[in-house]
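2 protein chains.
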Amino acid sequence: MNKISALQKARAAYAPKLPAALANGAAVTINEGGATTAVADVEKVQALFKTTFGSPVLTFAPGKGEKSAARNVGVILSGGQAPGGHNVIAGLYDGLKSLNADNRLYGFLKGPDGLVKGEMVELDDAIIDAHRNTGGFDMIGSGRTKLETEEQFEAARANCEKAAISALVIIGGDDSNTNACVLAEYFKANNIPIQVIGCPKTIDGDLKNEWIEASFGFDTACRVYSELIGNIGRDANSAKKYWHFIKLMGRSASHIALECALQVQPNITIISEEVAAKKQTLGEIVDYMASVVAARAANKMNFGIALIPEGLVEFIPEIKVLIAELNDLLAANADAVEKMDKNEKVAFAAGKLSAESAKVFASLPAGIQMQLCNDRDPHGNVQVSLIETEKMLAEMVGTKLKAMKAEGNYSGKFSTQTHFFGYEGRCAAPSNYDADYCYSLGFNAAALIGAGCTGYMSSVRNTIKPASEWIAGGIPITMMLNMERRHGADKPVIRKALVELDGAPYKHFVANREAWAIETSYVYPGPIQYFGPSEVCDLVTKTLTLEKGGNI
Amino acid sequence: MNKISALQKARAAYAPKLPAALANGAAVTINEGGATTAVADVEKVQALFKTTFGSPVLTFAPGKGEKSAARNVGVILSGGQAPGGHNVIAGLYDGLKSLNADNRLYGFLKGPDGLVKGEMVELDDAIIDAHRNTGGFDMIGSGRTKLETEEQFEAARANCEKAAISALVIIGGDDSNTNACVLAEYFKANNIPIQVIGCPKTIDGDLKNEWIEASFGFDTACRVYSELIGNIGRDANSAKKYWHFIKLMGRSASHIALECALQVQPNITIISEEVAAKKQTLGEIVDYMASVVAARAANKMNFGIALIPEGLVEFIPEIKVLIAELNDLLAANADAVEKMDKNEKVAFAAGKLSAESAKVFASLPAGIQMQLCNDRDPHGNVQVSLIETEKMLAEMVGTKLKAMKAEGNYSGKFSTQTHFFGYEGRCAAPSNYDADYCYSLGFNAAALIGAGCTGYMSSVRNTIKPASEWIAGGIPITMMLNMERRHGADKPVIRKALVELDGAPYKHFVANREAWAIETSYVYPGPIQYFGPSEVCDLVTKTLTLEKGGNI
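Protein sequence lines correspond, in order, to chains A and B. Each residue of the first sequence is one higher than the one before, counting from 9 in our numbering. Each residue of the second sequence is one higher than the one before, counting from 9 in our numbering.
Check each hint, because a few of them may be wrong.
Unchecked claim - Residues of chain A placed beyond 10 angstroms of chain B at every Cβ, according to the derived structure: (1) Arg19; (2) Thr45; (3) Lys248; (4) Lys367; (5) Asn417.
Claimed, not checked - Reference listing, derived: stretches of chain B covered by chain A, where coverage requires no fewer than 3 residues with Cβ under 8 angstroms from a Cβ of chain A: (6) 142 to 155; (7) 197 to 211; (8) 528 to 534.
Claimed, not checked - List time: in silico DSS-like cross-link candidates among lysine-lysine, alpha-carbon distance up to 30 angstroms: (9) B/Lys308 / A/Lys118; (10) A/Lys308 / B/Lys408; (11) A/Lys410 / A/Lys249; (12) B/Lys118 / B/Lys25; (13) B/Lys408 / A/Lys399; (14) A/Lys408 / A/Lys328; (15) B/Lys249 / B/Lys410; (16) A/Lys125 / A/Lys170; (17) B/Lys399 / A/Lys249; (18) B/Lys408 / A/Lys328; (19) B/Lys360 / A/Lys350; (20) B/Lys25 / A/Lys17; (21) A/Lys473 / B/Lys17; (22) A/Lys399 / B/Lys328; (23) B/Lys248 / A/Lys154; (24) B/Lys413 / A/Lys350; (25) A/Lys170 / B/Lys248.
None of these hints come from the bench; they were simulated from the model. Glycine included, C-beta positions come from ideal geometry on N, C-alpha and C.
Please construct the entire structure, taking both the sequences and the accompanying hints into account.
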């Protein structure tokens, strides 16, 4: 047994809160809604999900604690780590035990791979207790294998049958839940008696909709990042000499950057969805940032905080085009490019791009040009995730300010520090919100299993209220699906939730960003607290609070 | 009034604990020790500090709460931010008010500059209350101006006289406290009735000795870094695919890296003092790191955590020589170098270095060569603090592993992520330890002022015990001084406390590092807690615990 910290010891004893519906255990009373449909492309979705399509939304009320026959269940962690994964499993375990003390839970190892390869471990009290309220996915590991092929489904079936497993819980993001739904349909259509239940996870916060109001881990990760951004803001405001450019995890959506902005009130926050909607150029983004720096400098504040979402470059139309051209260009001339040194590759690319892209390319810092031409993945593509956007923007803003200084439009000092926060928050121990929410999602998944459901996502709602008022139930995954073009084919997928430009969180940000830019209005959230007064420990994200009509 | 977070609101009410000696206020009973001396170079120190040398060590016991005549006091924050600075000022304020409710406290703005320029603000209840238990130095700002010249001392005198200030408290690191001592001597020798008291601050932890067992901020900063390193460790152990190379603040001493290693038990920690003592080459450091990576890979653990102190490169003898040669070389050929492009400078340097240094230079990654030749400060010197040591080592270890693979000595995967933690912790809200310690240091400084002392450092000891058992008193700064060569002249300075290779903290690390390297023994300290059980909130650093003979 590994040594554990004082905090882990104390936190292990925390009993996560549950919705009232689950207070008597996972044997619940079920309220069925009417038949459901899909968010779009209804006919196509229905054709793909013949047996699971149209299932009703379920809402749970407390049951009488009836016991059911003993059974075996498997659980899988899929995709990137998010705070609270262990609590989903602990909730599932406790929920299953409440149905029948002889129920057994198996954890498939290293993600979906474990299901396909039949690698699993039985989870017992000792393992579960050692992981209650902890961060990380190290209890059973995770993986990024996608469950998509019939071969995989058959292997999954065989491995489940071997261990007499009659239900699977897949904890993952939008893709993993889509695949859970496909697997559920496969099993049901083929009369294989294995239920499949999904649980919504992504720290990026992009798996949410009317029924799934939050994906777990988002709250904790944003609190860790906000703690750090607040600390850095306090440092900036004390030293008064640096602009900190901070890149934040969030590849396809800017929810994390937006939530951190609402928590800390930094001077600049770029929202990728706004950039895309307004078709902003890189030059326009740089101009905006430089204008804020200059405005603050005019007030003798040569310091500030700028937040940049990780995925930004992919939302800038001209950069998307440039990257696509570079990918084609370097692939088409692979043999010649192979023989060039790093500088020659840059010169070669610069000479062959379209006029428009050549201009964009020329505007980039030398280090970024170098990276775009040299750091390529095994398929020969630019590795967008490796682009140090925070350094690129810091350098470009500096260049812009020099030009403004020459024109007499700026007379401040501009020194920068850059940061990237991602791994710092993905495995933090869950906040009370995530500890409670995750435990409830897992316990509720046991209720869905007990109710005989398949193709459902565990849903816990009304989470801006105390847990006793949370609404537990199940949502047929098919009702969240639409068809999207992926790798040249139409596929059923859960629509990714991007930052909505007519949503309350974004609107609150826009209403305040000018004041936050010019003034120094930093709020210092501090570290996540687990033991203090409720108003400090039982927080809900600003995003969810605003989405539900609350004030922040 | 700015918006404050829920945590700030709740934390503002925290009443820091005080040593028993200060329980009845700052009018204490004084126990005098015998005459003191200096740690070395006694005669030279004595000659420089004619009037303040030899003062006794003072230990305080509770007084009877006598009031003294009203007076004005000034306070200065000097140097880099460290958690708890505001609490020193709050403690000083409360201590002064306990002596006489009409005592006034002025904060000099932006560090020693404010004293020289006469820029100050009176600190009242509203300002103090708004900053209790908060991080940052933004209450009055800080600065790095050194108080060294008679001109500055005279300006300080004039500005103090203008505001009828008869005592100054300087909160700073080793240099600032040395200068406080010089200023105290200047005032006393010239019969200027202004007392000067120092308070020991540095998050680096390098201002400590027999009498000053900790400099404030070190505890909090190490806890923030350890929280993040622990989170990253949990991520590494969940994803099992990255080696994280983490650089930690700490330019001249590796106390932070060592404390974080003791808290988290990472696989690799480089201690600069060991590198210097063993005259390790960069190649040897890389070989050691690669050997750990390979040993873990042999156990199928292609992931890990490596901690690297910020100042490492300056402790590697061959790199020190290389940098000195580069500085000379580029300065001697400034005109020619000016006209070269970045690559030409690298080629030029490579051709002109001594054979030994040329070999070292050639072993460095191209990006680092580029930086060493191109990023130079206004004096033409290499900017050591900008060297991305964590990336350099990650790249060099990767190169070494490729060679080992070719030789058949390694067959793992090696992917890296790099991080640098510094600004994340400097302005965190102080832990209970730092909140209590800082408040006590400030309150105790008021007692020293009340006792008529000058040239003393505020000393609070026995802090591994509950605060009621802490020992408060004053230490003549002269007794910590020795003479050191600085910029070509002998100067009195407080000896910097480096990691002692025969000290208990380092020995504990060495006794465990092989196990920590091969196994995955990460401990997850989690975020600083302010409200929980005492064993979670009232922690003492592992370093101090071990130094005082305790177990961790």
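Comparing the hints with the structure gives:
Residue placement check: A/Arg19 does not keep its beta carbon more than 10 angstroms from all beta carbons of chain B (closest about 7 angstroms). The beta carbon of A/Thr45 sits about 37 angstroms from the closest Cβ of chain B, which is more than 10 angstroms, so the claim that it is off the interface holds. The beta carbon of A/Lys248 is not kept farther than 10 angstroms from every beta carbon of chain B, the shortest such distance being approximately 7 angstroms. Distance check on A/Lys367: its Cβ is at least 23 angstroms (rounded) from any Cβ of chain B, clearing the 10 angstroms threshold; non-interface status holds.
Every CB of chain B lies more than 10 angstroms from the CB of A/Asn417, the least distance being 25 angstroms, so the non-interface label holds. Judged by the Cβ-Cβ criterion of 8 angstroms, the region 142 to 155 of chain B is covered by chain A as claimed, because 7 of its residues qualify and three suffice. Counting residues of the region 197 to 211 of chain B whose CB lies closer than 8 angstroms to any CB of chain A gives 0, so the stated coverage by that chain is violated, three being the minimum. Using a Cβ-Cβ cut-off of 8 angstroms, 6 residues of the region 528 to 534 of chain B lie near chain A, which meets the minimum of three, so the contact claim holds.
Pair hint B/Lys308 plus A/Lys118 holds up; C-alpha atoms about 14 angstroms apart against a cutoff of 30 angstroms. For the suggested pair A/Lys308 and B/Lys408, the alpha carbons sit about 49 angstroms apart, so the restraint of at most 30 angstroms is broken. As the CA atoms of A/Lys410 and A/Lys249 are separated by approximately 17 angstroms, the hinted pair is consistent with the 30 angstroms bound. Straight-line distance between C-alpha atoms of B/Lys118 and B/Lys25 comes to about 29 angstroms, which keeps the hinted pair within the 30 angstroms bound.
Distance restraint check for B/Lys408 and A/Lys399: the Cα-Cα separation of roughly 28 angstroms lies within the 30 angstroms cut-off, and the hinted pair is therefore satisfied. Among the hinted pairs, A/Lys408 with A/Lys328 is consistent with the structure: their alpha-carbon atoms are about 22 angstroms apart, no more than 30 angstroms. A distance of roughly 17 angstroms separates the Cα atoms of B/Lys249 and B/Lys410; the hinted pair therefore holds under the 30 angstroms criterion. For the suggested pair A/Lys125 and A/Lys170, the alpha carbons sit about 12 angstroms apart, so the restraint of at most 30 angstroms is met.
A C-alpha spacing of about 25 angstroms is found between B/Lys399 and A/Lys249, which places the hinted pair at or below 30 angstroms, so the restraint holds. About 36 angstroms separates the Cα atoms of B/Lys408 and A/Lys328, which puts this hinted pair outside 30 angstroms; it is violated. For the suggested pair B/Lys360 and A/Lys350, the alpha carbons sit about 25 angstroms apart, so the restraint of at most 30 angstroms is met. At most 30 angstroms may separate the alpha-carbon atoms for a hinted pair to count; B/Lys25 and A/Lys17 meet this at roughly 25 angstroms.
Distance hint between A/Lys473 and B/Lys17 is fulfilled; the C-alpha atoms sit about 22 angstroms from each other, no more than 30 angstroms. Distance hint between A/Lys399 and B/Lys328 is fulfilled; the C-alpha atoms sit about 28 angstroms from each other, no more than 30 angstroms. Taking the CA atoms of B/Lys248 and A/Lys154, the gap is about 18 angstroms. The hint holds against a cut of 30 angstroms. Restraint check for B/Lys413 and A/Lys350: satisfied, since their Cα atoms lie roughly 25 angstroms apart, inside the 30 angstroms limit.
This hinted pair checks out: A/Lys170 and B/Lys248 have alpha carbons roughly 28 angstroms apart, not beyond 30 angstroms.
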